[in-house]
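A.B. asks: Next come the chains, spelled out residue by residue.
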Amino acid sequence: MSEKRTINFSVPYYLWLVLFVIAPVILLVFQSFTNLHGQFTLANYKTYFGSGTYLRMTFNSVFFALVVTLITLVISYPMALIMSRLKHAQFWLMLVILPTWVNLLLKAYAFIGLFAQKGTINDFLTFIGVGPQQMMFTNGAFLTVAAYIEIPFMIMPIFNSLVEMDQSLVNAARDLGATKWQTLWRVIVPLSMNGVRAGVQAVFIPTLSLFMITRLIGGNRVITLGTAIEEHFMVTQNWGMGSTIGVVLIVAMAITMYVTRDRKRGGKA
Amino acid sequence: MTQPIIEFKNVAMQYGDTTVLKSIDLEIEQGKFYTLLGSSGSGKTTILRLMAGFLTPTSGDIYFKGQRINDVPPEKRQINTVFQNYALFPNMNVYENVSFGMVLKGKKKSDIKAKVSEMLALVKLSGYEDREISELSGGQQQRVAIARALANEPEVLVLDEPLSALDYKLRKTMQYELRDIQQRLGITFVFVTHDQEEALAMSDWIFVMNDGKILQNGTPVDIYDEPINHYVAEFIGESNIIPGVMRQDYVVSFAGKEFENVDAGMRPNEPVEVVLRPEDLDLVDVADGKLTVTIDDESFRGDYYEITAHDDDQNPWQIQATNSATIGKRYGLYFDPEDIHIMRLNESEEDFDARLEQYEDEEDADNE
Amino acid sequence: MKKLKPSYLYLAFVFALMYLPIFYLMFYSFNAGSYMNGFAGFSLKHYATLFSDYRLMGILANTFIIALLSGLFATLIGTFGALAIYRTRRIGLKNTLLSLNNILIVSPDVIIGASFLILFTLIGLKLGFFSVLLAHIAFSIPIVVLMVLPRLNEMNPALIDAAHDLGATDFQVLSRVILPYAWPGILAGFFMAITYSLDDFAVTFFVTGNGFSTLSIEIYSRARQGIDLSVNALSTLMFLVSLVLVGVYYYISLRTNNGSKKKRQMRTAVR
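Residue numbers (numbering that gives the first Met the number 0), protein chains in the order written: chain A, 0 to 268; chain B, 0 to 367; chain C, 0 to 270.
These are calculated hints, taken from the structure and not from any lab test.
The beta carbon of each residue, even a glycine, is placed where N, CA and C say it ideally should be.
The reader is advised that the hints may include incorrect statements.
To be verified - Quick partial rundown of chain A residues pointing at chain C, CB under 8 angstroms, derived from the structure: (1) Leu26; (2) Ile81; (3) Leu94; (4) Tyr108; (5) Pro205; (6) Met211; (7) Gly225; (8) Leu248.
Input sequences plus hints: build the corresponding full structure.
C.D. replies: Structure follows, in structure tokens:
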């Protein structure tokens with residue numbers, strides 16, 4: 000009896016599901032099979048898999064995303080671990096989240112100032128006698144900025160998994176004779192793997208598709224799938240090819256999510 | 000006989016392949032305190048939800064004052080519920096909770112106010128109108144839940160394990176108060192619990208349930224003294240249950256001896272189960288006892304000693320005694336013939352009632 | 000005195016890394032010079048430039064109108080979406096709905112932007128205010144659902160039974176019990192939607208067309224042309240706006256958490 004009325008109010012939601020969730024995905028796949036004149040073709044996929052450029056670009060994008068993920072993980076895990084032990088842990092977590100509320104472009108923009116030929120870092124390098132370096136439009140600059148932006152998204156899930164962990168398990172490990180490091184390695188790290196997986200997911204996928212950072216910091220080179228899609232849709236107007244790369248990105252995303260899925264052991268993980 | 004206020008006829012309930020109720024028949028009369036007693040999963044809460052209208056039976060009929068109400072939604076039934084975890088609206092204060100039903104009915108503001116005061120007084124919470132639910136203790140929340148349900152002036156109040164979240168002492172107090180409220184208002188209460196002590200203390204009539212069936216129903220005294228089978232005997236109070244043989248009417252043999260008892264109507268030499276309640280047993284000198292037992296252990300329970308012992312056939316015994324006993328010592332065990340209760344194996348409730356009536360008639364005939 | 004542990008040093012170091020670029024940016028917005036180095040003295044001249052830039056003020060207004068409207072619509076639609084999912088009994092269907100709901104959250108922005116661009120072009124919608132608004136509503140709806148649904152799941156389902164039991168109709172149960180209970184989640188969803196809208200660049204970039212611009216788009220085009228300290232001034236102001244929003248958001252969630260914490264204490268006290 001109560002079902003009917005909710006359905007009435009929920010019609011816009013179902014409409015949204017069809018129009019803005021299901022339809023766009025279908026349209027994107029459909030578009031990837033069309034050429035510049037809107038005719039059906041497999042040419043886009045042939046081009047993608049046939050030319051070394053696209054495959055190299057895809058490999059680069061995956062490689063860069065992996066490096067960024069690794070950098071953020073190495074910085075974030077100890078950070079989350081330390082934070083989870085602090086008294087006002089939730090306050091520190093808020094401090095981690097706060098920068099994510101600052102517009103991403105502004106953060107990138109800050110690095111333009113830092114990395115510029117006459118920027119603050121070069122001023123410093125000149126001051127200590129090293130001399131100015133070319134930093135803008137290098138791979139290193141892209142990696143730095145991308146890692147900077149993604150760090151909070153890695154800390155948050157790891158922190159949550161650490162905080163949720165039953166503290167008596169750690170005590171039990173110590174009680175049974177494990178040293179601090181053994182406890183960390185054999186109990187804490189395995190138990191926080193779900194957080195790590197969630198963090199990897201939250202960093203890897205967006206990094207594959209970052210395009211404004213590559214444009215602003217990495218120079219006008221196409222080094223991520225995101226940049227390639229933007230290039231085809233907004234610059235060369237080859238929507239078919241852009242959609243093909245979009246489909247590749249979706250597949251990459253699906254693979255990442257499968258690899259980093261929640262692995263629950265037995266009943267409750 | 001007066002018309003029952005609620006009647007279940009052949010009511011069954013299934014979820015997919017799982018049967019939770021198997022063909023239930025029951026009658027609830029006006030103005031009494033009923034208890035549905037059973038362990039979790041026995042189907043007692045399902046019966047309650049069927050009464051309140053949150054469930055519709057898979058088959059069978061439910062009547063309210065003679066009218067079939069299978070498809071009447073809960074908001075249209077003159078039955079209100081006190082929920083297990085009270086289900087008080089956390090976004091409303093005490094007054095708003097208690098007045099909720101009356102506000103929906105569009106009653107006059109002054110009437111509502113008077114009724115809320117009356118109800119809060121009934122549950123001894125006068126002056127708590129403006130409290131937030133989160134500021135109340137468990138016992139107080141319980142009282143608000145009762146006041147809220149009663150404010151709707153139901154003919155039947157159903158209570159779903161309302162005391163299970165309270166501590167022991169508070170539970171005792173609330174048992175008295177609930178009974179008192181029921182008697183003062185004179186409406187029907189249907190109470191669900193898994194606590195046999197609670198059921199015995201409060202009810203006019205108990206339904207003992209297991210596995211979607213009503214095993215036995217009767218007054219607390221009936222059910223305690225004459226449990227129909229092993230399950231009921233175990234569930235209601237502590238019991239010593241010993242295999243025995245009914246030699247002939249009024250003679251039963253167990254633990255290697257024959258005893259006089261008060262049961263009859265069985266085949267000669269029929270195997271039976273013998274029930275003796277721990278509080279009916281007395282420890283006496285070996286010479287005065289009907290059986291001899293050796294004490295294994297004893298624990299102090301405040302108002303009595305819980306003693307475990309074994310007889311010479313190695314049957315275990317539980318005894319409640321006011322005096323302490325010496326562990327390892329041999330005592331005599333004494334009980335009266337009427338303390339011995341006989342249960343036939345696999346006897347249904349109808350057969351049990353029929354047999355009881357039959358030999359009671361015989362007894363009456365004998366006495367004449 | 001307590002010894003400064005290396006772990007605290009590490010903590011301080013990472014926090015410094017996270018905040019330095021932001022404060023660096025804000026610091027130079029007060030520079031009398033026109034570059035992000037060599038602080039030439041305190042000045043508010045970049046703020047003056049900012050506020051006298053009518054085009055930019057128009058863009059600012061656009062951005063907030065889009066954020067508020069999209070937040071409002073997304074909250075309305077998303078709340079009823081969450082209710083629909085909450086009331087779905089069949090586990091399979093429920094999980095399917097949830098997965099579909101989350102697609103836009105896990106999808107990369109570029110994919111959302113590109114596919115919406117195809118959609119809008121196909122149905123012949125002119126790119127501009129409405130296409131941006133629709134896109135923002137669309138990507139905010141699942142966020143609202145994710146904020147409201149846990150609140151609903153947390154609700155004791157017996158509350159609904161209790162309301163019916165006391166004579167409430169379906170509509171009264173919704174308006175008097177369910178919505179008031181879910182209200183903190185709905186508010187949180189609304190604020191999250193606004194923040195996502197204010198923050199979005201990638202999706203807007205694809206569906207905005209030529210005539211219409213939001214703040215993110217404007218910053219992007221200015222940043223591509225190099226340093227412009229009025230962007231620093233703008234970012235300082237936006238950081239303050241974010242702070243206020245974060246404050247409001249935390250206030251709401253704190254209040255909600257306190258409520259449930261009290262309840263939890265109550266429950267343990269009862270046992």
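A.B. asks: Of the numbered hints stated previously, which ones are contradicted by the structure, given in increasing order?
C.D. replies: none
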